[in-house]
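Undergrad: Take a look at the letters that make up each chain.
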Amino acid sequence: MSPRRLLTAFVVVLALVPVIPGVPVFWITLLGNIGLAALVAMGLVLLTGVGGMTSFGQAAFCGFGAYASAVLTVSWGWNPWATLPVSLAVSGAAAVVLGLLTVRLSGHFLPLGTIAWGLALYYLFGNLEILGRHDGISGIPPLSIGGYALTDPRTVHWPIWGAVIVAGIATTRLLDSRVGRAIRALRRGQLAAEAFGIDASTTKLIVFVYAALLAGLSGWLYAHVQRTVTQTPFGVSAGIEYLFMAVVGGSGQVWGAVVGAGLVTLLKEALQRLVPVLFGTGAQLEGVVFGVVLVALLQVARDGLWPRLAALLPARLRPPPEPAEDLTRRSIDTTRKTPLLVLDGARKQFGGLTAVNNVSFQVGRGEIVALIGPNGAGKSTTFNLITGVTRLTAGRVSFDGIEIGGTSPQAIARRGVARTFQHVKLNPDMTVLENVALGAHLRGRSGVIAAILRLDRRDEARLLAEAAKQIERVGLAEHMMKPAGSLALGQQRVVEIARALAMDPELLLLDEPAAGLRHFEKGALADLLRRLRAEGVSVLLVEHDMGFVMGLTDHIVVLDFGTKIAEGPPEVIKTHPAVLEAYLGGAA
Amino acid sequence: MDGTILLFLLQDGITNGAIYALLGIALVLVFAVTRVIFIPQGEFVAFGALTYALLESGRLPGTVWLLVGFGVAAFVFDLVALRRSGFTPARLTSAAIVDLVIPGLLAAATWSIAGMGLGNVVHFALTVALITPLGPLLYKIAYRPIADASVLTLLIASVGVHLALVGLGLVFFGAEGLRAPAVSDLMLTVGPLIVTAQSIAVYVVTAIAILALWLFFERTLWGKALRATAVNGLGARLVGIRTAFSGTLAFALAASVGALSGILVAPMTTIYYDTGFLIGLKGFVAAIIGGLASHPLTAPAALAVGTVESLAAFFASDMKEIVVFSLILPVLVWRSLTATHVEEED
Chain A
0 MSPRRLLTAF
10 VVVLALVPVI
20 PGVPVFWITL
30 LGNIGLAALV
40 AMGLVLLTGV
50 GGMTSFGQAA
60 FCGFGAYASA
70 VLTVSWGWNP
80 WATLPVSLAV
90 SGAAAVVLGL
100 LTVRLSGHFL
110 PLGTIAWGLA
120 LYYLFGNLEI
130 LGRHDGISGI
140 PPLSIGGYAL
150 TDPRTVHWPI
160 WGAVIVAGIA
170 TTRLLDSRVG
180 RAIRALRRGQ
190 LAAEAFGIDA
200 STTKLIVFVY
210 AALLAGLSGW
220 LYAHVQRTVT
230 QTPFGVSAGI
240 EYLFMAVVGG
250 SGQVWGAVVG
260 AGLVTLLKEA
270 LQRLVPVLFG
280 TGAQLEGVVF
290 GVVLVALLQV
300 ARDGLWPRLA
310 ALLPARLRPP
320 PEPAEDLTRR
330 SIDTTRKTPL
340 LVLDGARKQF
350 GGLTAVNNVS
360 FQVGRGEIVA
370 LIGPNGAGKS
380 TTFNLITGVT
390 RLTAGRVSFD
400 GIEIGGTSPQ
410 AIARRGVART
420 FQHVKLNPDM
430 TVLENVALGA
440 HLRGRSGVIA
450 AILRLDRRDE
460 ARLLAEAAKQ
470 IERVGLAEHM
480 MKPAGSLALG
490 QQRVVEIARA
500 LAMDPELLLL
510 DEPAAGLRHF
520 EKGALADLLR
530 RLRAEGVSVL
540 LVEHDMGFVM
550 GLTDHIVVLD
560 FGTKIAEGPP
570 EVIKTHPAVL
580 EAYLGGAA
Chain B
0 MDGTILLFLL
10 QDGITNGAIY
20 ALLGIALVLV
30 FAVTRVIFIP
40 QGEFVAFGAL
50 TYALLESGRL
60 PGTVWLLVGF
70 GVAAFVFDLV
80 ALRRSGFTPA
90 RLTSAAIVDL
100 VIPGLLAAAT
110 WSIAGMGLGN
120 VVHFALTVAL
130 ITPLGPLLYK
140 IAYRPIADAS
150 VLTLLIASVG
160 VHLALVGLGL
170 VFFGAEGLRA
180 PAVSDLMLTV
190 GPLIVTAQSI
200 AVYVVTAIAI
210 LALWLFFERT
220 LWGKALRATA
230 VNGLGARLVG
240 IRTAFSGTLA
250 FALAASVGAL
260 SGILVAPMTT
270 IYYDTGFLIG
280 LKGFVAAIIG
290 GLASHPLTAP
300 AALAVGTVES
310 LAAFFASDMK
320 EIVVFSLILP
330 VLVWRSLTAT
340 HVEEED
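So the sequences go chain by chain: A and B.
When you line the first sequence up against numbering that gives the first Met the number 0, it's residues 0 to 587, in that order.
When you line the second sequence up against numbering that gives the first Met the number 0, it's residues 0 to 345, in that order.
It should be emphasised that the hints constitute simulated quantities derived from the structure, not laboratory data.
Accuracy of the hints is not assured; some may be wrong.
[As the list claims (entries may be wrong)] Covered by chain A, per the in silico footprint, the following chain B stretches (three or more residues, Cβ under 8 Å):
no.	segment
1	151-158
2	316-327
[Said to hold, decoys possible] Computed footprint of chain B on chain A; a stretch qualifies when at least three of its residues, placed anywhere within it, have a C-beta under 8 Å from a C-beta of chain B:
no.	segment
3	38-45
4	99-110
5	117-126
6	222-231
Note that beta-carbon positions come from the ideal geometry of N, C-alpha and C, so glycine has one too.
Next up, chain B with everything else stripped away, as it sits in the complex (with noise of 0.2 Å):
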């Protein structure tokens, strides 16, 4: 092996890596306010992907049907907690704005729009719209209802709803596997490296998500009343923050970084409805080496990850995955020695 080999190995061990790094920090931000191990954070992936895909092709997605299929499903859901809480017209109307007329209002838009061939910004943005409400939805279906579970609990559930959406997948975009065309065509030459406009996409829509996410925590009112849950959910319902609107904002967030995710992903490896299972548990590696805790320490993580699985998939193939999954366990052990002993919680 030279040099230019190990060059190209490098870079594209690092544009997977920037993929794993949204994941992984996305991952992280839903496990501190919820306590959720978001095991179905990949599907997102895949089902943004494939949106994007179809789109890209002049198709519509089954993500529409999916989409108003959750609404009305959470809507249910709002119904029996509405009838233990009590009817309002105001929590209905809203209920009803939240679940039915939104989702609504963007299938009948993608319905509309599907075929006109828009170009790719605009699939984009209608991808990240669409996927984005499917993560409230969920946490108002799967996790609100035991919210207050074991994270242990909470991770089985995670399982469950893992195994839900890689069904949902299949029937809702089919078998057959999608690769949405770059960007652009566009080829960077940099010394003995040859740099696609598509990697660059992905470095510099990283980087922006990352910068983005870092001022929503840093400068908005919203993202420090995430964190404040994150510290301490208790407190934060002491001092007004609604600890479900949190969790509700956690899961958008998270739904959209997985779009956003796969949109990058989609022209440079064909995804299939379970694809997204593996790209998100490469991102949890990243987080679990942060401790599910540290977004700084994720991205760089992540970087490592992205690495080794180009370097293990160029030296031995065939053991890529074992390479990639073996490499968590010391990390997880020495999370263990270091972690401060915390009494078992139940």
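Bound conformation, chain A alone (with noise of 0.2 Å):
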């Protein structure tokens, strides 16, 4: 069975439930509280499994939005439909402020901060006296469609779950977009997201909103279906279970939420029956239960259930991409004879120790241009300093005749710069076309809105085109469709030359290209490079391998303990006093 219709069907079976004569009331309850608890851990999903920020404080947001309802319909009096985007705008608002102090942490700081504002929100819901302080807010009137009140549990079955499969749809398709490539390029492979030109901070806000509304909706629908509010199920507790449902069903896995929030409830709801019965007494036991299953999971399966209940269904290969229109290429002016890329006492210190000492050279237009010297001479530092991932201690770098040295990689990027890394710098779960279509991702335009609605097939059939067209350049067709992971290190560096490509540049920084490759792959690049050239393509590149760098530059700058020692071309520099003896030691 395909996935579509897999997916028809469980929305088959779930609208058909309520009317099924002899389904007891108190399992459409039970699977009601499923779909409730499912919204928000498919934004957690969405949050710390694929955007690798973990949030403990999740249920504060559903918080703000059950009580925004609640306040309105019961004091204010409104229709509660007419709260709904009241709800969402609390909890989206509640998500920037906090999302813009949150998404800054780094590594575990963000869990602990969200631990915090969790806990703090928490006390502050019970001590407000417009939300009712301890006793919270009851009264709350139910939905109604046309005068007749959803009080039901198989009448609110249906906006309860409607609510989830839109929700999933919109999460699957927001993934498989633009912004989801940028989404899941944050948690492996920042750095580089980062050098095609993707604002990491800006990607990670809008996932910490996206999870935060779902929450919001989640808690809008329980004020509504509970008719009564209190702090207790937005604590930092109830955080906790609903990360734990993620963990469940696979911390990656959108439709691993609902099985998880499935199984968590269930779970919870057996234990509460069985308990009392073993044990004669109740409370706090399940949390025992909660805490050994959960350690136990990680311990046995840490990628959750959802990959082993996939694994059953049919592999779903894609088909490589359908050709499309061409994206519109840069203008490359190669009659212009200014440098490109100009180096002007360019200085890094990392305290004491200086590892870019005063560092000037240039590469002209259509030039290939090689930075070489000894293990340690300064070359990758000066390439993120070109790239804006180190800042200057001192001097410029001009490109295009502007200044960019003090910028952002994405604003350096947006130039026209891309890059490759010494250290391969691939998200080894996507596939090499989805790494490729990264490099382009400055050359479409459509937002999350455009990707959940689908308006966005048409700039990402382009992109998808573009990427493959990349990859078929390098000669890497038949890897297309694999895991980026899957390839061997020499082949991988050969999709990051891709995904460098696929950005359109002017400029192409290459760090070690060819380590890795066998001789007839070497021979490849260098005819690939001299294209590149041809197009009027500038390219400087750090390699170790001096057969590679002679027969192809035209230029060559020798660093040695990150300072210059030496420049020109191939010629002068085999026979240069000085390189000889930074390489070779002494008058050899």
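Hey, can you piece these two chains together into the complex? The hints should help.
TA: Next up, the structure:
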């Protein structure tokens, strides 16, 4: 059965459940609770599983959605439906404020931050007069359609699961788009993403707000299903439970959220019934089981259950993309004679260590320049200075006559500077095609809403076709639909070159492109670079393979201990005494 | 508010802050050595406090059963690990001694002593002896099998451990809150201040514990092995330090520090099975201010947290927790901005 059919079957079964005679109301209520939890868990899948931001505070956003609607309907007499946009706006606004703060946090500071504001908000909900303090707000009106109140769990089942299905489809679509690729690149390969013009903080904020909106929607539904709101379900322990659901389901899997929510909700229900029977005492033992299961799961199946379920389905191999209209290319004026890249006294100090010591050189238009030197000479640091990854201590870097030193990697990428990395930075779980398409990110425009509504298909087809074209160009067409992590290291380096080419760069920075390549592959790479030069693209490369460098380049810059010791055409460098001394030591 | 109240609040804050400092230092230690963000540290505090309070009131603490249960579970984990690496009589014996014999002996000793009213020094020692082995056993059961996982995975595991321990706390200690008698009814009057013997005990024990930890890390081979593991786990292994042993040691220290904090706090406030979480988290706030790396920074940060908490409790008691936990956010932002850019780990 294809995934689409499976989804249709799932929807049909869900739609029919309430009208099947004999299904106890209790089960429908439970199913509703699963749906409410699945919405929050789905946001967490995107936030934690895909985006790599672990949040223990997600329940707080449910609180914002629920309390907003409770206050408006009870104190102000609003219609429940009219409060939906307000609930979403309140959760969204809270997410923007908390998100601006949270996404800046690095590493493990981020989840700790979510625990902190999750706790603070929990106590705030219980202490505000307007929110009814610890008693909360009760007497919330139910949702109603055409004067018919949806008070029966059988009827409110449809809006809940309708929301889950819509959210699942929207999230799946979002991930399968230009923005989705940027989101997926956040967790592994953020540095690479930024080198291709993706603004990591903005992308993180988008994910954060999206997850909060799903939680807010769940909170809004919860308020009108339960008809009463207190602080209890919006604390950190609820947040832990939602995270648990996402981990159980498989933290990177959209539909895993539904599986996780289902299992955890059922487990909780079963424990509440069984524990008093078995041990004679109730409360909190479920915490023990929960905790033990969570730790055991991390020990036994760190990827959650969904990947195991998905393995039962026939693997879905996507076909390579169809050819599409070409993307517009950057016009490179090959007649201009001013140098493209100029380093003027570039200097980088790490504390007492001077990694790059007042280095100056130029890369002309349509020129291949090599940066060589022994290990630790400062070549990669120089690359990082040019691409804005590392800040200059002193000196200037200008591109096409404009100062770029001190600007961000994204801004430099936008000017047409593409790079590869010495240590391959691909997302190993994404296909080669998707990794390369990330390079073309700046050449597309579609955003989140276009992706969810599928208005981005034309734009998307062009990006993917461009990526496919570059992959064919570097000779990896047969690997296009494989996960990038499955390729040999040398091939992964070539994928990085294809990704850089997908940006349609004017300057290409290659960090050891020939390392790990076989002889004939090196030949093919040299041919490719010569063709690019003929098109007017300039190339700056760091390379240790002297045969490769000498046969290809127009100009060579030699660094040793961070200082430029020589530069000139290959013939001069080959016999330059300072170079020989640096490489071979002493009078060779 | 007059100066006396302010002084009183400051004193109260510093007393609590001293305990947060102990916890914060233990958290930094565990994180540095094992990369585990040890959320359940607070549970050791609660268990320590409840154990001490029960012993003081002449009852047998549930810690005994908890310890034996943990030992049996750890033994099962050891058997599984041994099946992979091969059974030898020596390994089997050492596992049995660590997991079964020591907890069993401790349990038996407690069972025979409890109720004899041997005084608070014996109870103090017994509490520390009962809680300390829980740390290494917990490490063996929950963390060692995933020791190579990312910090985030370990953090989620910590949350699971926290949930489980709080639940076990309810099972073994009951829902009733306990308060131990103070070490002495002695009070000192220093100017306008009344200083209780209990707060003096807190200052003295905290100072001794911090000094002992410092000596341990600076002067002993084990301490140096722990520091080496903290700086570079792989490097430490290459020079022959067993990192699993370092982890065990770090957890033993954390558990004993938790027990100590619990004993100190037990006479000052009523402790329930779930009180530990909030106390531990405040130690966390301090540890994070210290960047989860610096012992010397963590201690003053903890005193500041205690002081802010006590001031907030006076001015806006409803908002106390909100103030303390919001305090951490600007610190986290500042920490993130000043932290050197680290390439993403996964």
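Undergrad: Would you list, in rising numerical order, the hints stated earlier that this structure does not obey?
TA: Checked against the structure, the hints that fail are numbers 3 and 6, while the rest are satisfied.
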